Amino acid sequence: MPFAGLLNDTRVRAFVLQLLAFAGVVAFVAWIVSNTGANLDRLGMGIDFGFLDDRAGFNIVQTPIPYTNDSTYFRAFLVGLVNTLIVSALGIVLATIVGFAIGIGRLSSNWLLARLCTVYVETIRNVPLLLQVVFWFEAVLVLLPRPQAAITLPFGANINNRGLYLPAPAAEPALWAVAIALLLAIVATVVLARWARRRQAATGKPFPIWTVGAALILLGPLVVFLLAGSPVRWEVPVFQRLNFTGGIVIIPELAALLVALSLYTAAFIAEVVRAGVLAVPRGQLEAAGAIGLPPGLTMRKVVIPQALRVITPPLTNQYLNLIKNSSLAVAIGYPDLVGVFKNTVLNQTGRAIEVIGITMAVYLFISLVTALAMNLFNARVALRER
Amino acid sequence: MRTVFVAAIIGVTAGLAAVAPASAATLDDVKARGYLQCGVHTGLFGFAEVDNDGEWAGFDVDYCRAIASAIFDDPTAVRFTPLSAAERFTALQSGSIDVLIRITTWTMTRDASLGLTFAGVNYYDGQGFLVPADAGFETVADLDGGTICVQTGTTTELNLADYFNSRGLTFTAIAVAERAEAISAFEAGRCDAFTADASNVASARMTLSSPDRFVVLPDIISKEPLGPMVRIGDDQWLNIVRWTHFALLNAEELGVTMANIGELTASPNPEVQRLLGQSGTAFGEMIGLTNDWVARIIGAVGNYGEIFERNVGGGSPLGIERGLNALWTNGGIQYGMPIR
Amino acid sequence: MAGEDATFLRPAPIPPRAPPRGVRGPIPWLRRNLFSSPANTVTTILVLLFLAWTIPPLIRWAFIDAAWTGEDRSVCLDGGACWAFIGAKINLILYGQYPPAERWRVVVVAVLFIAGVVPLAIPKVPGKRWNVVYLLIAFPVIAFMLLTGIGVGLRHVPTDRWGGLFVTLVTAVFGIVISLPLGILLALGRRSRLPVVRWLSAGFIELWRGVPLVAVLFMASVMLPIFLPPGVTFDKLLRAMLCIAIFYSAYMAEVVRGGLQAIPKGQYEGSMALGLSFLQRMRLVIMPQALTVVIPGIVNTFIALFKDTSLIMVIGLFDLLGMLKSATNDSDWASPSVPATAYVFAGLIFWIFCFGLSRYSIFIERRLERGRQRR
Chain U
1 MPFAGLLNDT RVRAFVLQLL AFAGVVAFVA WIVSNTGANL DRLGMGIDFG FLDDRAGFNI
61 VQTPIPYTND STYFRAFLVG LVNTLIVSAL GIVLATIVGF AIGIGRLSSN WLLARLCTVY
121 VETIRNVPLL LQVVFWFEAV LVLLPRPQAA ITLPFGANIN NRGLYLPAPA AEPALWAVAI
181 ALLLAIVATV VLARWARRRQ AATGKPFPIW TVGAALILLG PLVVFLLAGS PVRWEVPVFQ
241 RLNFTGGIVI IPELAALLVA LSLYTAAFIA EVVRAGVLAV PRGQLEAAGA IGLPPGLTMR
301 KVVIPQALRV ITPPLTNQYL NLIKNSSLAV AIGYPDLVGV FKNTVLNQTG RAIEVIGITM
361 AVYLFISLVT ALAMNLFNAR VALRER
Chain L
1001 MRTVFVAAII GVTAGLAAVA PASAATLDDV KARGYLQCGV HTGLFGFAEV DNDGEWAGFD
1061 VDYCRAIASA IFDDPTAVRF TPLSAAERFT ALQSGSIDVL IRITTWTMTR DASLGLTFAG
1121 VNYYDGQGFL VPADAGFETV ADLDGGTICV QTGTTTELNL ADYFNSRGLT FTAIAVAERA
1181 EAISAFEAGR CDAFTADASN VASARMTLSS PDRFVVLPDI ISKEPLGPMV RIGDDQWLNI
1241 VRWTHFALLN AEELGVTMAN IGELTASPNP EVQRLLGQSG TAFGEMIGLT NDWVARIIGA
1301 VGNYGEIFER NVGGGSPLGI ERGLNALWTN GGIQYGMPIR
Chain W
2001 MAGEDATFLR PAPIPPRAPP RGVRGPIPWL RRNLFSSPAN TVTTILVLLF LAWTIPPLIR
2061 WAFIDAAWTG EDRSVCLDGG ACWAFIGAKI NLILYGQYPP AERWRVVVVA VLFIAGVVPL
2121 AIPKVPGKRW NVVYLLIAFP VIAFMLLTGI GVGLRHVPTD RWGGLFVTLV TAVFGIVISL
2181 PLGILLALGR RSRLPVVRWL SAGFIELWRG VPLVAVLFMA SVMLPIFLPP GVTFDKLLRA
2241 MLCIAIFYSA YMAEVVRGGL QAIPKGQYEG SMALGLSFLQ RMRLVIMPQA LTVVIPGIVN
2301 TFIALFKDTS LIMVIGLFDL LGMLKSATND SDWASPSVPA TAYVFAGLIF WIFCFGLSRY
2361 SIFIERRLER GRQRR
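Chains as they are written, first to last, in my numbering: chain U, 1 to 386; chain L, 1001 to 1340; chain W, 2001 to 2375.
Chain U on its own, in the form it takes in the complex:
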């Protein structure tokens, strides 16, 4: 019975099964593609990315790269992408800082502080982010005055309900010297750090690398800056009839989205951090205490390095969530990738398949790159077993 024998051979069965599964998926995809093709044909559309070179014709409120309404749709896409990256990057930094603070606060010996942090976490993470984004937007607008009554801040900065207006630095040629000084200081710090680590490994003598490094990087360029005669002009925002012009603007949409995203994600990061710190065995703390390490040093040298191993994978997930959640910007009109590209460009051109395809691909790409970077970091902090 060769046929029955074949059927019972697990290798053959596995092969046939996989072939069937693969064929099924291929058939499914082919079916979708042919449907789409037929439907687009009926509309006389076809798939064509040529529209990306057409003139956009609409304005965008936050343009970190040069853009006017004469730019192309592709340029608009880039503006949206950069805006997404800006809010994601700032959000990740802020959420990490707040999250670590809250997570450690929940473990504080101060009863009141620990309770407050618990209330924070339990409130924030059980309410939909969409609501929080809208809430902060309304709050920002309610709390801030109109431009005519702007709150003046030092150095020519001011804040009103059109945004936070900061003086913008405009470089003059001699600024190169400062940039070179900064670069040199960083290189020197890296070299110094290596030397210090080797010396500590060899002799056990610690070296205050953080203090010295910070001094090098901050003071070095500052001295050069002053020697070169402060080669920066500050462009101060000026009030003109309705609005401030000039300077750097942080628009309320960005502020609200940033606050909502980082506070929301921070609640989850706090839980991750707390779990990570609790995962460090008590014996480690007791041993650190027994050899007389002060609490700060215990935290830095004993607890955090071990906690990071537990923290990193779930932290990665939180970062990825934050990036994807930044798409809720559409609710308040922050011009992110979804707002500019998926909403405005799609609606002006009607190119749904192309626009959605690009949008999805970009998010997928950002997610994969972030995951890759965090996996590398994870490999560094992971326990190296001998």
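Source of the hints: derived by calculation from the structure; they are not laboratory data.
Keep in mind it's a predicted model, so treat the numbers as computed, not measured.
One or more of the hints may lead you astray.
Said to hold, decoys possible - DMTMM-like, lysine to aspartate or glutamate: derived pairs with alpha carbons at most 20 Å apart: (1) L:Lys1031 - W:Asp2235; (2) U:Lys324 - W:Glu2254; (3) L:Lys1031 - L:Glu1285; (4) W:Lys2124 - W:Glu2365; (5) U:Lys324 - W:Glu2206.
Let chain U serve as the given structure and place chains L and W on it in line with the hints.
Below, chains L and W without anything else, positioned relative to chain U:
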């Protein structure tokens, strides 16, 4: 178990592929389904809104009901799909809806490049501006350097840029996907002005907490002919939507109203006879409907004038003048093509 | 810590501390928990200042200045919360546009659901198997027939009339019921010996996990018919619900995979040695262990799903949030405090459900931990 799983996938795939009803005729699909899928605004007082009884109401909504009445003799045989500006064309292209009646401006690009087409102009509008009364704005030019709230993906967004550019004026656009968000941002002082079609602006003013603190600027900066849209390549369906509109206009011109439709079936006027399917020529059947199609429409929603008055005109809180939307016989440009 | 040479070690022994004075009663408790060191005292004062700054205005807004009853916006103009608005719109918020005469059907379904879930959630109640059968098979059929009116001779209520909290709950329950089994299948696929199945599952999971739900919902709501043969279309609410369910099945798969990885290899080998088939191994040995380990993760995914049902508002469905927002457009109620009240109310409702779920997960976790310690 995995075998079952895989077999199930293949089976489902084959099964779905076999379904393919393949009729490209929208009317047949609608009839088979038993109701019309109509794409409307997510919430625009006067045009499309869910009222306190949970029923959809408004100018555009009545157009959906008119088409449903023509097909099914039942103004409730409609399912409304509320769509944001950014979703509307995709929804119609993909076939999620049969007709889009959502204050959409007829432009050449939209007619030529979306795979969609306009069936007529049911509302002639233009772009207007809403500003705080105490800000001292008299004309649009006073908004130079200001911040303006607008909905994304609209013609208004493009007109705004053109208008300001061509006059050497500057502005900052806050483009928001949802109209309600744009208005609340404007009310909270995020913008100096809110801009949209004039009817839309008037409607926005009514929903503010203190309408008296806001005024509509007299300037109208663009032409915004708003009309229903259908997919290209289905002329029968295009005719149904187009002639529903013309029938509403002709009914008003001939004085056929919801109230007198019962008596007028016996009217000696040949135009009324043709309109109401009493003339012997089967006008309704020419476009795939029944001969009493107009009687069904008028009986359910009234004529164009009645729809206008009830939703946006004198009979509603909006109180918009007929203006361009008056019949051509009354100094407007609404002109129903003759049914004959 | 910098500066002095040599080591991290303390050069001299720490002097012995004085014996504690009292350890019971409120004053020692305060001293221990709030004022144990200068830094601690400063923290306490700062926290108290923060509370004094935030709590009173909140209470004033929510209770003292609030308008509790009224017919229109005129009662809501003095800056406090406008609870009268919630009262006036409560039917819309709960049922959406569901026909008033038929709302008893929603209530009946809710009661049937609670009758199924409560005994399931209490560990001591017997008959879990039948309970699950009821919830997963009988209840959905009854609920579907009652809510739509199909097959039971009641008036047909199409889903475009569904709305409010009712739709939020239907979407969430549907998503939870579909995403768990689908997630288990995907997790098994991702750990399969067969490379093609493994790649396909991994690809599917990572695809969904890499894109924002807003974009996926957009595709499901307006683009889906483009991928189907002409004329084939199905209900918009169903599309959104399926979309959320599939999206979260990818997250669920990763949670379940964590549980599968936590099962010692010996369990797999042992069950194989007993001659159990794949299905038997999974059903009797692996899944009961793997799923119990990850109950907290599963519940957290449920919570995330529940919160994300609010996104269906973005595609024009009237869930709790969408209904509240559309209610705030009512010109009879237009006043500055109405949207704020609506948002706070929606937040409160979501909070109650999510917090309840998370407490329940902690309760189950504790129970399981106790079980493990006993061994």
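### Query
Would the pair L:Lys1031 and W:Asp2235 pass a check requiring their Cα atoms to be no farther apart than 20 Å?
Within the cut-off at roughly 17 Å; holds.
### Query
Given the proposed pairing of U:Lys324 with W:Glu2206, does the C-alpha separation stay at or below 20 Å?
The given pair, whose Cα atoms are some 13 Å apart, holds under the 20 Å limit.
### Message
Run the distance test for W:Lys2124 versus W:Glu2365: straight-line Cα separation, threshold 20 Å.
### Response
Distance ~15 Å between W:Lys2124 and W:Glu2365 Cα, so the pair holds.
#### Entry: Pairwise hint evaluation, W:Glu2254 against U:Lys324, where the allowed Cα distance is 20 Å at most
Holds, at roughly 17 Å.
### Query
Between L:Lys1031 and L:Glu1285, is the straight-line Cα distance small enough, at 20 Å or below?
Holds - the C-alpha atoms of L:Glu1285 and L:Lys1031 are around 15 Å apart, at most 20 Å.
Hint check: no violations occur; every hint is consistent with the structure.
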